[in-house]
Amino acid sequence: MIEGILQGLATALQPLNLAMVVLGCGAGTVIGMIPGLGPITAIAIMIPITYGLDPATGLILMAGVYYGAIFGGSTSSILLNAPGVAGTVATAFDGHPLALKGEAGKALAVAAYASFTGGTLAAVFLLVAAPALAAVALGFHSPDYFALAVLALASVSAFAGGGQLLKAAMMVVVGLMLATVGQDTSSDVPRFTFGSVELLDGLSFLLLAMATFALSEALLAVLRPERWGAASKAPSGLASLRLSRSEVREVAAPIARSSVLGFLVGVLPGAGATLASFLAYAMERNLAPESEQKKFGTGSLRGLAAPEAANNAACSGSFVPLLTLGVPGSATTAIMLGALLSHGIQPGPRLLVDRPEVFWSVIVSMYLGNVVLLVLNLPLIPWLARLLQVPRPIMLPMILFFSVIGVYLVSLSPFDILLMVGIGLAATLLRLLDYPLPPLLLAFVLGPMLEENLRRSLILYDGSFSFVWQRPTTLSILLLTLGLCAWRLRPRC
Amino acid sequence: MYGEAPLSSQRGAALFFLALSVAYGVVALDIETGMAGAQAAWSARTVPLILASAGCLVSLLLLYSGNDAKTEWSGDWSRALRLCALTALYALLLPRIGFFAATTAFLAIGFRTLGERRPRVLLAVPASVALVLLVLLRVALGVYLPEPLLEMLARR
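As you go down the protein sequences, you meet chains A and B in turn. For the first sequence, position 47 (counting from the first letter as 1) is numbered 47 according to this note's numbering, and the numbering increases by one without interruption. The number in this note's numbering is simply the position in the second sequence, starting from 1, with 1000 added.
It should be emphasised that the hints constitute simulated quantities derived from the structure, not laboratory data. Glycine residues also receive a C-beta, built at the ideal position from the N, C-alpha and C atoms. Among the clues, some could well be false.
As the list claims (entries may be wrong) - Not close to chain A: a few residues of chain B, all C-beta gaps over 10 Å, as computed:
id : residue
1  : Ala1019
2  : Leu1123
3  : Leu1131
4  : Val1132
5  : Glu1147
Said to hold, decoys possible - What follows is a list of derived Cβ distance ranges for each label pair:
id : chain 1 : residue 1 : chain 2 : residue 2 : range
6  : B       : Tyr1064   : A       : Leu480    : 23 to 33 Å
7  : A       : Leu53     : B       : Ala1088   : 30 to 40 Å
8  : A       : Glu3      : B       : Ile1050   : 44 to 54 Å
9  : A       : Gly463    : B       : Ala1088   : 40 to 50 Å
10 : B       : Ala1085   : A       : Ala10     : 43 to 53 Å
11 : B       : Pro1148   : A       : Val375    : 44 to 54 Å
12 : A       : Gly139    : B       : Leu1057   : 47 to 57 Å
13 : A       : Gly463    : B       : Tyr1064   : 27 to 37 Å
14 : A       : Val128    : B       : Ala1085   : 49 to 59 Å
15 : A       : Val128    : B       : Pro1148   : 53 to 63 Å
16 : B       : Ala1124   : A       : Ala10     : 38 to 48 Å
17 : A       : Pro289    : B       : Leu1049   : 40 to 50 Å
18 : B       : Leu1057   : A       : Leu480    : 17 to 27 Å
19 : B       : Trp1077   : A       : Asp188    : 41 to 51 Å
From just these sequences and the hints, can you work out the full model?
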């Protein structure tokens, strides 16, 4: 492992890669600060840029963007009470009241230190957990991968918000349907192309990501101007970024506990940063003395530090199933998987064997990303916060333009932009109807893997589904899936 | 039936998904099965048919789940649709008039559509963004961008 870490360090510390971490963190912070735009959009916008780069460099850029976007989301949560992403909603509970008390600088500093510690501890856990899980996963076969894909899809539906379970399931089915458009990989038979040459290669993942997130977000901001209106409420000053010794002592233990919790939750497919941050917030409120409990929701430093540490740790944790099994556990890691595949890299247990420089440099770059965020971005926050004052009539067309040109630069096909507009409009309607879109994107990415492994399994078992009960690993994963669904559907008193 | 609430948006969406799943299944039945034939353990239509069935099942569950939550449809739809039309127009004009002209026009009209009135902003910002990106992408990164208008002007 030491050799791998050194290899990762050697790759990540190359001047170009180091510059990419800095650039990624900066760009991610800027994009993540814009209300409604989170890591998914930030990474999607960066994908076309990575095409011209070496795979390891491209991934390092995207890892930086990921962390930067989460940090940027926390900034808009604290300053505006407008979380850029769901994972930073809990940050606003105590972060924004602190900003309203004139302690925005302190709140941002606590968020940055908690994120740094959470991310760093999780990167260490990842160093240990990922190779161990990869070694186990080397024994996996097609039926097991099929079962894993089913587990990931069931999990993302099961963890959908209240009343959204069936809607999430519907989005999974629609995502899988969209994944079947184009030539069948095994038989080359065209499916659902309706004679269109442009559809023979299937729908572009980037197009779908941009349409469902960036474009629909811009359209929703036009339909619901109040989503943007919060910018006018930004506190004018940040005050001091310094923390006293007693304040550091107060947040140290919650940060450590929440980092461990966040990492473990992040490893679970579908759970992700949002659940981790809410669980950490609830855990710290329950653990706090009664006098401290009353402060939660009114500007408690513990209440701010816990979700921040947990959501960053969960981000690192979500890389465990992606890097070791090739199964993304969240929409963000699904985007990363799409980007990896477009670079010709297949994540999974073989990644550590075949492309160790990619595996280790991504893990090391996560740590570097956290350092960059703390050292470079925190002092820049007062300036970056001015971005929130850019008027809506300027910002929205720019977002629209960058998402459109990102798709166009990959294919140079106007057809893709037209398709993107259609899908973006449909996505906007679905969001207004409260349908969650991350399951759609995750299903679209997992669709080919699911189909290919089901095909191989059926051929291996002479067209019979007996692999479900004949292989203990497959059976265990599918029973876990059933258990998860049953738990989610249990009657509540 | 008299006096019952009209079809809610949520049920309308469920019905749409049901129709979509049925249509998807019908088209899936037309997918060629190749040499192996439809009775083989696997064909190109296996997964689409499973998905069509799953889609019908989930949409029926959605339809009968009793979710009649009201959807807030109000908003500036005219502006949103104008932005969509502008994006579609951008797609069509980009290969014909080139990146610089199309992007400048797209951003200027986009700013104007969303309420920006200052002529300086409407002209200077879009042209600067388009020019900086053109230089960055085409000169620095070597990315191909169609520029028929600028190339024609350069030839003259």
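For each hint, the structure was consulted:
1. Ala1019: Answer for Ala1019 of chain B: holds, closest chain A Cβ roughly 13 Å.
2. Leu1123: Fine: 13 Å to the nearest Cβ keeps Leu1123 of chain B off the interface.
3. Leu1131: The claim holds: Leu1131 of chain B sits with its nearest Cβ about 14 Å from chain A, beyond 10 Å.
4. Val1132: The assertion about Val1132 of chain B holds, with a minimum of 12 Å to chain A.
5. Glu1147: 13 Å, holds
6. B:Tyr1064 to A:Leu480: 23 to 33 Å: Hint holds: Cβ distance 28 Å, inside 23 to 33 Å.
7. A:Leu53 to B:Ala1088: 30 to 40 Å: Taking Cβ atoms as reference, Leu53 of chain A and Ala1088 of chain B lie about 31 Å apart, which means the hint holds.
8. A:Glu3 to B:Ile1050: 44 to 54 Å: 45 Å, holds
9. A:Gly463 to B:Ala1088: 40 to 50 Å: Given about 46 Å between the Cβ atoms, the range holds.
10. B:Ala1085 to A:Ala10: 43 to 53 Å: This hint holds: roughly 51 Å between Cβ atoms.
11. B:Pro1148 to A:Val375: 44 to 54 Å: 46 Å, holds
12. A:Gly139 to B:Leu1057: 47 to 57 Å: 34 Å, violated
13. A:Gly463 to B:Tyr1064: 27 to 37 Å: 34 Å, holds
14. A:Val128 to B:Ala1085: 49 to 59 Å: This hint holds: roughly 53 Å between Cβ atoms.
15. A:Val128 to B:Pro1148: 53 to 63 Å: 56 Å, holds
16. B:Ala1124 to A:Ala10: 38 to 48 Å: 46 Å, holds
17. A:Pro289 to B:Leu1049: 40 to 50 Å: Roughly 60 Å apart at Cβ, these two residues miss the hinted range, so it is violated.
18. B:Leu1057 to A:Leu480: 17 to 27 Å: 22 Å, holds
19. B:Trp1077 to A:Asp188: 41 to 51 Å: 43 Å, holds
Checked against the numbered hints given earlier, this structure breaks hints 12 and 17; the rest are met.
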